[in-house]
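Letter by letter, the sequence shown follows residues 802 to 916 of our numbering.
Source of the hints: derived by calculation from the structure; they are not laboratory data. Some clues are possibly wrong.
[What the hints assert, rightly or not] For each label pair, taking beta carbons as the anchor points, the in silico distance ranges come out as: (1) ASP886 <-> ALA824: 17 to 23 angstroms; (2) ALA913 <-> ALA851: 15 to 21 angstroms; (3) ILE844 <-> ARG864: 22 to 28 angstroms; (4) ALA889 <-> ARG867: 25 to 31 angstroms.
Remember, it's a predicted structure, so these values are computed and weren't measured experimentally. For each residue, glycine too, the CB sits at the ideal point set by N, CA and C.
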Amino acid sequence: MRVLLTVLARTATMVALVAGCSADPDPGPRFDDGGASEGAGEIACMQHQAAPPGLRYTDPDRRRSREVLALLRYYTANGAKPYCDDQAATEVDRRWARLYVDLGADRTNVAAVLG
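Taking the hints into account, I'd like the entire structure generated from these sequences.
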């Protein structure tokens, strides 16, 4: 009985390890649109993005229309506005703006972000 329990415990551990290794990588952060996609209305200034775009936006197989459309809508409406802290765009902000353009949107909408 003891041997059987040991074998079962080891098998369960191996299954858990294999399952953990085969799990999809983290798709990355969601674009922070300041609540605009939840109906927050028009914003006066943009917030800096905390993290660069991940697989959620850069991998065509992982993209979700709703998330991509929120990004496109945000920069189309707000890309020319200043940042709320009156600072320049960060490298992370520029990566999101480049993604916006890479997705086919008009570069002029984010020209101020890209510099």
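(message) Given the hint of 25 to 31 angstroms, is the C-beta distance from ALA889 to ARG867 inside that range or not?
(response) Holds - the Cβ-Cβ distance for ALA889 and ARG867, about 30 angstroms, lies within 25 to 31 angstroms.
(request) Take the C-beta atom of ILE844 and the C-beta atom of ARG864, compute their distance, and say whether it sits inside 22 to 28 angstroms. (result) Holds - the Cβ-Cβ distance for ILE844 and ARG864, about 24 angstroms, lies within 22 to 28 angstroms.
(request) Return holds or violated for the Cβ distance of ASP886 and ALA824 against the range 17 to 23 angstroms. (result) Taking Cβ atoms as reference, ASP886 and ALA824 lie about 37 angstroms apart, which means the hint is violated.
(request) Starting from the hint 15 to 21 angstroms, judge whether the C-beta atoms of ALA913 and ALA851 obey it. (result) At 20 angstroms between Cβs, range holds.
The structure does not agree with numbered hint 1 stated previously, though it agrees with all others.
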